[in-house]
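Trainee: Here is how the chains run, residue by residue.
2 protein chains.
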Amino acid sequence: KCLGKTESLEKVLVTYVLEAELREVRRLLFGKEPKKLNLPQSAIDAAVEQDFDLKGYVFEASPEQLRPPRTVRVGLIQNKLVLPPDAPVLEQIKALHKRVGEMVEVAAMCGVNIVCFQEACTMPFAFCTREREPWTEFAESAEDGLTTRFCIQLAKNYNMVVVSPILERDEIHGGTLWNTAVVVSNNGNVLGKSRKNHIPRVGDFNESTYYMEGNTGHRDTVPDTVWKRLQLTSLDCSGIVFLYSIMLMLVLCYSEPMWPIEARNAAIANHCFTCTISRVGMEYFKNEFTFGDGKKAHHDFGNFYGSSYVAAPDGSRSPGLSRTRDGLLLTEMDLNLNRQVADKWNFKMTGRYEMYAEELKKAIQHDFKPNILKE
Amino acid sequence: KCLGKTESLEKVLVTYVLEAELREVRRLLFGKEPKKLNLPQSAIDAAVEQDFDLKGYVFEASPEQLRPPRTVRVGLIQNKLVLPPDAPVLEQIKALHKRVGEMVEVAAMCGVNIVCFQEACTMPFAFCTREREPWTEFAESAEDGLTTRFCIQLAKNYNMVVVSPILERDEIHGGTLWNTAVVVSNNGNVLGKSRKNHIPRVGDFNESTYYMEGNTGHRDTVPDTVWKRLQLTSLDCSGIVFLYSIMLMLVLCYSEPMWPIEARNAAIANHCFTCTISRVGMEYFKNEFTFGDGKKAHHDFGNFYGSSYVAAPDGSRSPGLSRTRDGLLLTEMDLNLNRQVADKWNFKMTGRYEMYAEELKKAIQHDFKPNILKE
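So the sequence lines, in the order shown, correspond to chains A and B. Using this note's numbering, you'd call the opening residue of the first sequence number 1 and step up by one each time. Using this note's numbering, you'd call the opening residue of the second sequence number 1 and step up by one each time.
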């Protein structure tokens, strides 16, 4: 309901702004324009056939003398639910596997090396309800649950790394729930997992009712956000070791103006690529629930706004996917750009981390006295 | 030269995008639209007369039961040099004082409580040259230099807090240079100073040739940027204690797409207002200098792009000032919004600072081993 009629910002700009100024407007808004990726006709046809948005872009780096280009193709998938939230749990999971599987097949046609799904990709965003049943039934083992087995199959079929964010049931620790991204290597092994670390406690985001802050100790240099960041490395692709980051985010329409800001800022501040996914569609729950804002109880969470995008370390970004349709965003990125930009700006060198480590340590003490200037 | 013909992004959008969709485009790009501030006709006339851009906006907060609104009016000034960089030093300083003084007078007509000038506001951005002479002659005492005395006079005349970023000569420590923002209270006392902490070492930004990382120990929660952040507090205004932040930034055209991202992200991540200023115009230096990129030596640094703006903690922002003209941006902000947004998102509570303090401490050790997942 807060989506309005705007399919995407990019589309409005293209519709109205004159060609002559459009280039400059785009530069101001989105940075250096990435090239379009050539997509095979079979993939384009399949996307039309299966009714999803398909876009592809290339982020290039300068040639170097000692390092060959380290290009990797990443696919981001955003999608609606297939069945309504009150359909039987197993049917919902299977229907989502089927839908995502079709899209991964198209990603494979386009030579994708790593694919990433949206947060809690097997289920409705049911945390808004605060009900336990049947939603906790969607939780599965990260190591050998239904979805991980599905991802292992995809990885092996397509020689593709799969990042699969699920609701995790941790049987070893008394059946604890986590919000976890499972990483399956292109050989079909579970490479690791990252548990969401900053759990929103905001309005309909009743996520802290379901799971606690993650304990997988990933390094995350963006403390003040609801993101979770995966640092992956050593994925062997054409004999080259590379390192990159993927961010997953799921947010609501009242946060939409922040959506293009946060992940892009993280790419700039950390000299890395960030890949940001939100789901689409409206999810209707049988039992009504309240937002905690004095307004009437409601049955839905509003529209998820999609607009998944990739931001590069030089501050440029891809256009977003649709705000309303399922979509697959393909990006070819030369990871050499990360160090090239780092060598230019040197934030890691001028960051004064020693000072911050020291000040942060002081600031978290209960008897901390801030440095306040008074007349 | 990299400015193109675009006066401002906002102007292009207003020119082309149909009214019906313009509102939605603006919401997506800039967040909730701030109201326009009513400006006295005398101020509007003076701005036309003196040829500068004048804009005013209001950021409102919800009414509370126990706290009255804590509104403060902030003025940001961006300007060109008045005299060319090869004019005599003292004449340049005096001409800039005169120009800024005129604009502060207009700010006073509009009831501004705090005014902030641009970085190194008394001088050309001469750091690009790496020459010492005559540029270091622009450095002055933060406590009783020419510009501080000028600001004290302004503060007393208009009952206004003045934030004055200068090149500082620190005679007590062997004549050390710093890039310093001096804060003069509305009573005309030097309340404190903040020395720039993240010194760019990028291309024409040869700033590290001139001064070192600051030692005034301000808290800055945005480590990976070239910003400096002032945390001020206890400025007594209508009997209310308030806290806010002001950011100063001066950057070049190749960074322009990052300009709307970084300060706005900081406002979101820190639940505060951020006020971001860049100068305008082109500065031509007699002796040529090189960028360090293999290109031919040049006499100028390109166009400074202005576009000064204010971002609010809820992710909304004011339109920017012009990319080419001198300007005064007025904003009335209710500082109650900071805590209201903080109470909504809770980033300070969910930030896991203990974990970051610990991990940062480890990460800065020379023998740190990152947590890397391998197959």
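Just so you know, the hints here were simulated from the structure itself, not pulled from any lab data. One or more of the hints may lead you astray.
Claimed, not checked - Derived SDA-like pairs: lysine to any residue, alpha-carbon spacing no greater than 20 Å straight-line:
no.: 1; chain 1: B; residue 1: Lys32; chain 2: A; residue 2: Glu256
no.: 2; chain 1: B; residue 1: Lys286; chain 2: B; residue 2: Lys36
no.: 3; chain 1: B; residue 1: Lys348; chain 2: A; residue 2: Glu24
no.: 4; chain 1: A; residue 1: Lys348; chain 2: B; residue 2: Lys361
no.: 5; chain 1: B; residue 1: Lys348; chain 2: B; residue 2: Asn336
no.: 6; chain 1: B; residue 1: Lys362; chain 2: A; residue 2: Ala363
no.: 7; chain 1: A; residue 1: Lys348; chain 2: B; residue 2: Ile364
no.: 8; chain 1: B; residue 1: Lys32; chain 2: A; residue 2: Asn215
no.: 9; chain 1: B; residue 1: Lys35; chain 2: B; residue 2: Thr71
no.: 10; chain 1: B; residue 1: Lys36; chain 2: B; residue 2: Gly111
no.: 11; chain 1: B; residue 1: Lys98; chain 2: B; residue 2: Ala87
no.: 12; chain 1: A; residue 1: Lys362; chain 2: B; residue 2: Glu359
no.: 13; chain 1: B; residue 1: Lys94; chain 2: B; residue 2: Glu133
no.: 14; chain 1: A; residue 1: Lys369; chain 2: B; residue 2: Gly294
no.: 15; chain 1: A; residue 1: Lys362; chain 2: B; residue 2: Lys35
no.: 16; chain 1: B; residue 1: Lys36; chain 2: B; residue 2: Pro84
no.: 17; chain 1: A; residue 1: Lys362; chain 2: B; residue 2: Gly351
no.: 18; chain 1: B; residue 1: Lys98; chain 2: B; residue 2: Gln153
no.: 19; chain 1: B; residue 1: Lys348; chain 2: A; residue 2: Pro88
no.: 20; chain 1: B; residue 1: Lys35; chain 2: B; residue 2: Leu66
no.: 21; chain 1: A; residue 1: Lys344; chain 2: B; residue 2: Ala357
no.: 22; chain 1: A; residue 1: Lys348; chain 2: B; residue 2: Ala108
no.: 23; chain 1: A; residue 1: Lys362; chain 2: B; residue 2: Asn336
no.: 24; chain 1: A; residue 1: Lys344; chain 2: A; residue 2: Glu60
no.: 25; chain 1: B; residue 1: Lys98; chain 2: B; residue 2: Ala108
no.: 26; chain 1: A; residue 1: Lys11; chain 2: A; residue 2: Lys344
no.: 27; chain 1: A; residue 1: Lys11; chain 2: A; residue 2: Ala363
no.: 28; chain 1: B; residue 1: Lys11; chain 2: A; residue 2: Ala363
no.: 29; chain 1: B; residue 1: Lys348; chain 2: A; residue 2: Ile364
no.: 30; chain 1: B; residue 1: Lys11; chain 2: A; residue 2: Glu24
no.: 31; chain 1: B; residue 1: Lys35; chain 2: B; residue 2: Gln65
no.: 32; chain 1: B; residue 1: Lys361; chain 2: A; residue 2: Lys11
no.: 33; chain 1: A; residue 1: Lys35; chain 2: A; residue 2: Gln50
no.: 34; chain 1: B; residue 1: Lys80; chain 2: B; residue 2: Val48
no.: 35; chain 1: B; residue 1: Lys94; chain 2: B; residue 2: Glu60
Trainee: Decide, hint by hint, whether the structure agrees.
Mentor: Tested hints:
Straight-line distance between C-alpha atoms of Lys32 of chain B and Glu256 of chain A comes to about 10 Å, which keeps the hinted pair within the 20 Å bound. Proximity of Lys286 of chain B to Lys36 of chain B is assessed by CA-CA distance (about 43 Å); at most 20 Å being required, the pair is judged violated. Note on Lys348 of chain B and Glu24 of chain A: the hinted pairing is violated, with a Cα-Cα distance of about 38 Å set against a maximum of 20 Å. Restraint check for Lys348 of chain A and Lys361 of chain B: the C-alpha separation of about 15 Å stays at or below 20 Å, so the hint holds.
Proposed proximity of Lys348 of chain B and Asn336 of chain B is supported: the alpha carbons are some 16 Å apart, at most 20 Å. A distance of roughly 17 Å separates the Cα atoms of Lys362 of chain B and Ala363 of chain A; the hinted pair therefore holds under the 20 Å criterion. A threshold of 20 Å between alpha carbons decides the hint, and for Lys348 of chain A with Ile364 of chain B the separation of about 11 Å falls inside it, so the pair holds. A threshold of 20 Å between alpha carbons decides the hint, and for Lys32 of chain B with Asn215 of chain A the separation of about 36 Å lies outside it, so the pair is violated.
Annotation: proposed proximity of Lys35 of chain B to Thr71 of chain B holds, straight-line Cα distance about 14 Å (limit 20 Å). Between Lys36 of chain B and Gly111 of chain B the CA atoms are separated by roughly 15 Å; this keeps the pair inside 20 Å, and the hint holds. For a cut-off of 20 Å, the pair hint linking Lys98 of chain B to Ala87 of chain B stands: about 16 Å separates their Cα positions. Our distance criterion of 20 Å between C-alpha atoms is met by Lys362 of chain A and Glu359 of chain B, whose separation comes to about 14 Å.
Between the alpha carbons of Lys94 of chain B and Glu133 of chain B the distance comes to roughly 19 Å, so the proposed pair stays at or under 20 Å and holds. With a C-alpha separation of about 50 Å, the suggested pairing of Lys369 of chain A with Gly294 of chain B is violated against the 20 Å cut-off. For the given pair, Lys362 of chain A sits about 40 Å from Lys35 of chain B by alpha-carbon distance, which is inconsistent with the 20 Å threshold. The straight-line distance between the Cα atoms of Lys36 of chain B and Pro84 of chain B is roughly 35 Å, outside the 20 Å bound, and the hint therefore fails.
The hinted pair formed by Lys362 of chain A and Gly351 of chain B meets the criterion: a straight-line CA distance of about 15 Å does not exceed 20 Å. Only pairs whose Cα atoms come within 20 Å are accepted, and Lys98 of chain B paired with Gln153 of chain B is accepted, the gap being roughly 13 Å. As the CA atoms of Lys348 of chain B and Pro88 of chain A are separated by approximately 39 Å, the hinted pair breaks the 20 Å bound. For the hint linking Lys35 of chain B to Leu66 of chain B, the alpha-carbon distance of about 25 Å lies beyond 20 Å, and the restraint is violated.
Straight-line distance between C-alpha atoms of Lys344 of chain A and Ala357 of chain B comes to about 27 Å, which puts the hinted pair past the 20 Å bound. Taking the CA atoms of Lys348 of chain A and Ala108 of chain B, the gap is near 41 Å; set against the 20 Å cutoff, the hint is violated. Restraint check for Lys362 of chain A and Asn336 of chain B: the C-alpha separation of about 26 Å exceeds 20 Å, so the hint is violated. Proximity of Lys344 of chain A to Glu60 of chain A is assessed by CA-CA distance (about 16 Å); at most 20 Å being required, the pair is judged to hold.
For a cut-off of 20 Å, the pair hint linking Lys98 of chain B to Ala108 of chain B stands: about 15 Å separates their Cα positions. At roughly 33 Å between alpha-carbon atoms, Lys11 of chain A and Lys344 of chain A are farther apart than 20 Å, so this suggested pair is violated. Distance restraint check for Lys11 of chain A and Ala363 of chain A: the Cα-Cα separation of roughly 46 Å exceeds the 20 Å cut-off, and the hinted pair is therefore not satisfied. Simply put, Lys11 of chain B and Ala363 of chain A have alpha-carbon atoms about 43 Å apart, too far for the 20 Å limit, and the pair is violated.
Between Lys348 of chain B and Ile364 of chain A, the direct Cα distance comes to roughly 11 Å. Compliance with the 20 Å bound is thereby established for this hinted pair. Distance hint between Lys11 of chain B and Glu24 of chain A is fulfilled; the C-alpha atoms sit about 13 Å from each other, no more than 20 Å. Annotation: proposed proximity of Lys35 of chain B to Gln65 of chain B is violated, straight-line Cα distance about 23 Å (limit 20 Å). Simply put, Lys361 of chain B and Lys11 of chain A have alpha-carbon atoms about 46 Å apart, too far for the 20 Å limit, and the pair is violated.
Distance hint between Lys35 of chain A and Gln50 of chain A is unfulfilled; the C-alpha atoms sit about 25 Å from each other, more than 20 Å. Between Lys80 of chain B and Val48 of chain B the CA atoms are separated by roughly 16 Å; this keeps the pair inside 20 Å, and the hint holds. Between Lys94 of chain B and Glu60 of chain B the alpha-carbon distance is near 38 Å, which puts this suggested pair outside the 20 Å criterion.
Violated hints, in rising order: 2, 3, 8, 14, 15, 16, 19, 20, 21, 22, 23, 26, 27, 28, 31, 32, 33, 35; the structure is consistent with all others.
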